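> Chains as they are written, first to last, in the working numbering: chain G, 1 to 383; chain X, 1 to 383.
Calculated directly from the structure, the hints in this document are not laboratory data.
The structure presented is a predicted model; accordingly, all values stated were derived computationally and were not measured.
All residues carry an ideal CB built from backbone N, CA and C; glycine is no exception.
Each hint should be verified, as a subset may be incorrect.
Quick list of simulated restraints, FRET-style, between CB atoms [what the hints assert, rightly or not]:
| hint | chain 1 | residue 1 | chain 2 | residue 2 | range |
| --- | --- | --- | --- | --- | --- |
| 1 | X | A15 | G | L357 | 54 to 62 Å |
| 2 | G | G249 | X | A15 | 44 to 52 Å |
| 3 | X | A379 | G | L357 | 47 to 55 Å |
| 4 | G | L357 | X | A305 | 49 to 57 Å |
| 5 | X | R361 | G | D376 | 24 to 32 Å |
Stretch by stretch, here's where chain G covers chain X in the computed footprint (C-beta under 8 Å, at least three residues) [what the hints assert, rightly or not]:
| hint | segment |
| --- | --- |
| 6 | 186-196 |
| 7 | 234-244 |
| 8 | 258-269 |
| 9 | 278-288 |
| 10 | 345-352 |
Incomplete in silico selection of chain G near chain X, CB under 10 Å [what the hints assert, rightly or not]:
| hint | residue |
| --- | --- |
| 11 | F14 |
| 12 | E16 |
| 13 | A19 |
| 14 | A41 |
| 15 | D42 |
| 16 | T127 |
| 17 | R195 |
| 18 | Q196 |
| 19 | A197 |
| 20 | P202 |
| 21 | V226 |
| 22 | G247 |
| 23 | V256 |
| 24 | D288 |
| 25 | W320 |
There are 2 protein chains.
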Amino acid sequence: MTSLSIVAPQSMYFAEALALQSGASLSGYTLVYETYGTLNADASNAVLVCHALNASHHVAGAYVNEATGAKTMGWWDNMVGPGKPLDTNKFFVIGVNNPGSCFGSTGPMHINPASGKPYGADFPLLTVEDWVQAQARLADALGIHRFAAVMGGSLGGMQALAWSMMYPQRLAHCVVIASTPKLSAQNIAFNDVARQAILTDPDFHGGDFYAHGVVPKNGLRVARMVGHITYLSDDDMAEKFGRDLRGDGYQFGYGVDFEIESYLRYQGDKFSEYFDANTYLLITKALDYFDPARAFGGDLTKAFANIKAKFLIASFTTDWRFSPARSREIVQALVNNRQKVTYAEIDAPHGHDAFLLEDARYMNVVRAYYENVWDDVSAEVQS
Amino acid sequence: MTSLSIVAPQSMYFAEALALQSGASLSGYTLVYETYGTLNADASNAVLVCHALNASHHVAGAYVNEATGAKTMGWWDNMVGPGKPLDTNKFFVIGVNNPGSCFGSTGPMHINPASGKPYGADFPLLTVEDWVQAQARLADALGIHRFAAVMGGSLGGMQALAWSMMYPQRLAHCVVIASTPKLSAQNIAFNDVARQAILTDPDFHGGDFYAHGVVPKNGLRVARMVGHITYLSDDDMAEKFGRDLRGDGYQFGYGVDFEIESYLRYQGDKFSEYFDANTYLLITKALDYFDPARAFGGDLTKAFANIKAKFLIASFTTDWRFSPARSREIVQALVNNRQKVTYAEIDAPHGHDAFLLEDARYMNVVRAYYENVWDDVSAEVQS
Chain G
1 MTSLSIVAPQ
11 SMYFAEALAL
21 QSGASLSGYT
31 LVYETYGTLN
41 ADASNAVLVC
51 HALNASHHVA
61 GAYVNEATGA
71 KTMGWWDNMV
81 GPGKPLDTNK
91 FFVIGVNNPG
101 SCFGSTGPMH
111 INPASGKPYG
121 ADFPLLTVED
131 WVQAQARLAD
141 ALGIHRFAAV
151 MGGSLGGMQA
161 LAWSMMYPQR
171 LAHCVVIAST
181 PKLSAQNIAF
191 NDVARQAILT
201 DPDFHGGDFY
211 AHGVVPKNGL
221 RVARMVGHIT
231 YLSDDDMAEK
241 FGRDLRGDGY
251 QFGYGVDFEI
261 ESYLRYQGDK
271 FSEYFDANTY
281 LLITKALDYF
291 DPARAFGGDL
301 TKAFANIKAK
311 FLIASFTTDW
321 RFSPARSREI
331 VQALVNNRQK
341 VTYAEIDAPH
351 GHDAFLLEDA
361 RYMNVVRAYY
371 ENVWDDVSAE
381 VQS
Chain X
1 MTSLSIVAPQ
11 SMYFAEALAL
21 QSGASLSGYT
31 LVYETYGTLN
41 ADASNAVLVC
51 HALNASHHVA
61 GAYVNEATGA
71 KTMGWWDNMV
81 GPGKPLDTNK
91 FFVIGVNNPG
101 SCFGSTGPMH
111 INPASGKPYG
121 ADFPLLTVED
131 WVQAQARLAD
141 ALGIHRFAAV
151 MGGSLGGMQA
161 LAWSMMYPQR
171 LAHCVVIAST
181 PKLSAQNIAF
191 NDVARQAILT
201 DPDFHGGDFY
211 AHGVVPKNGL
221 RVARMVGHIT
231 YLSDDDMAEK
241 FGRDLRGDGY
251 QFGYGVDFEI
261 ESYLRYQGDK
271 FSEYFDANTY
281 LLITKALDYF
291 DPARAFGGDL
301 TKAFANIKAK
311 FLIASFTTDW
321 RFSPARSREI
331 VQALVNNRQK
341 VTYAEIDAPH
351 GHDAFLLEDA
361 RYMNVVRAYY
371 ENVWDDVSAE
381 VQS
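The shape of chain G in the complex, shown without the other chains (with noise of 0.2 Å):
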């Protein structure tokens, strides 16, 4: 197996508004997108695979500084990719930056339209089913009308769900990965605190920080260590850091003890230099608002009535923020609508970061749907 080598970015622009499920709408937006591997004849190998906060387009392959040589792989460069278990030598992979994200895409560091200064405050609050709108118009646009595929982990996960509701008819199979059918309370607690630290930082300035010159750096480096602690299992932090210190005993300040500080710090500081803050906000509320069983009075089998996709679900042991109780509550849904379902709950240590990392028997799993859905595929285009 090879990465795929450069990749590029594309662009595309809508000038139709996307009417959203706020009530307000985006007027003419820009999506950021990047394929892999060819679109056969009769476009029905396409996969659109959906991306979660802190990622974008950028699945598969490399960036390269032409300047420094240093490569930026795709996020998900390990499941896609030739001979990857999402192959591209047989499947064209489709990844897009949703609006509102801060990697392409229109999103609130961009100059809106109606004032001529970037959006801040006034960007409108996107949706997972505003997101899986604006994908479908960018596959309309691409000529694919029906999905072999449409696949994510976490938030991509709820975006893939959204499809196979949205749009039963366009997609045939649909992988939900380390997913939920709705945030806990828990869950919006996590966010919640995110964003206050976000919101009461000085520096943010009502979300208008763009015209001050400056970015809400330490509300967004707090934000982003208590997203990671989610993301870690307990057990993958004892292992990894446990309570090793930096340096020889303790130093009785408020510098680093611990090598958990050390790295939360580092990944906060990181974090805060490239993200931007009102998309750190949209993306969680997005999160947050996910609920697809609230318009049938919380029974997600109502919910998932004209489904016609089969579905992968998968889920890890130690992911205690969408642990595999909450995928269970999806098999179940589909279950009781006698819709097809295959579910794997793999034993792994990472907690939710789990669904991003090499583990032989997740990645087994997902080629062997994969296979799948290349017989369904082939047996598509042979009829």
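Starting from the known structure of chain G, arrange chain X on it as the hints suggest.
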């Protein structure tokens, strides 16, 4: 059972400097404390109750606001009082505010005699063992050579445990509830997020905010919110708040959507109005540093070798901050030394906070244990 009626704090000044584990020392300091019940003639019925992060010497009974008549009950009033599990009709109970705290004993907000200004950043870091040393001096001054029991929950339990190791002859019983022999990497991570929120608040001014007439409220607020999440169980939060909305439908903004947000923000706001930021930093560090096995190559059994006290250890099934597994480590090390220990693992839904809450099984276990403690006191008096 009735509560103690109106109680009042006392204070004692210690002229002799307290030599600290850090190598620094705390010169001339005051401890604020309360006592309930009557010390018997041979001073054998005294019980010391140690407090956790956000508590004080005000363990039981009521403070009454003379103007309004409003009562402020002690933090463990359900546990300590006439006819209560720790019965003040029998025992002489002492609550003492630890130095470095913000409820009366000498702390960072008090005047540093060396500078004539508030200590602020110059207040030395104290450890659990330093607090125990200060408590022992208070016991000396009160004429108590040996406690019938030393008791605490969470961080208070660490102090009780430290008593049993530091002064093995000075306590007959040790009651350690919802505690741990040391913090895990995840525990430390949550503490460090809270500290970073405070340290990076511009109103913190490196710890010397008193001179600026401000308080790092935003940092304290976020610190408390993240802490509070770890005190509650996922299930309990789901039960109490779930995804209940405050108003009708989603607000599509960053105000309050969910009841859990409202609750947490309220807790954070309230806390930031009375708690001292330097105290928060100092106490979380004392938590992080507590690790009695560290001097014994990580061997808790060896650390416990000289313990003479009998133990009651209690934990709560849904406590994910200091889970039952952590209490069992203490139990196992005691058992390895053939020391006497009673262990209760209580099936309670309220997470770490359960140690402060009413629960018949929990209260009955503590009550029954103190009946044994009382038998020991009575036997000593007769012998």
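> Can you verify the interface hint for T127(G): is its Cβ closer than 10 Å to any Cβ in chain X?
With a closest approach of 9 Å, the T127(G) hint holds.
> Please verify the coverage claim for the segment 345-352 of chain X: does it have three or more residues whose C-beta sits within 8 Å of some C-beta in chain G?
With 0 residues in contact (Cβ-Cβ under 8 Å with chain G), the coverage given for the segment 345-352 of chain X is violated.
> With 44 to 52 Å as the target window, see if G249(G) and A15(X) comply at their CB atoms.
30 Å, violated
> Take the shortest C-beta to C-beta distance between P202(G) and chain X; is it under 10 Å?
Holds. Min distance 6 Å.
> Take the shortest C-beta to C-beta distance between E16(G) and chain X; is it under 10 Å?
21 Å, violated
> Could you check the hint for me, namely that L357(G) and A305(X) are 49 to 57 Å apart, CB to CB?
42 Å, violated
> Taking 10 Å as the limit, does the beta-carbon of V226(G) come near enough to a beta-carbon in chain X?
5 Å, holds
> Taking 8 Å as the Cβ threshold, is the statement that the segment 278-288 of chain X is covered by chain G upheld or broken by the three-residue rule?
holds (count 3)
> Given A41(G) was flagged as interface, is its beta-carbon under 10 Å from a beta-carbon of chain X?
43 Å, violated
> Do three or more residues of the segment 258-269 of chain X come closer than 8 Å to chain G, measuring C-beta to C-beta?
holds (count 6)
> Taking the least C-beta to C-beta distance, is A19(G) closer than 10 Å to chain X?
14 Å, violated
> Should the interface hint for V256(G) be scored as holding, given a Cβ-Cβ cut-off of 10 Å against chain X?
9 Å, holds
The structure fails to meet hints 2, 3, 4, 5, 10, 11, 12, 13, 14, 15, 22 from the earlier list, while all remaining hints are met.
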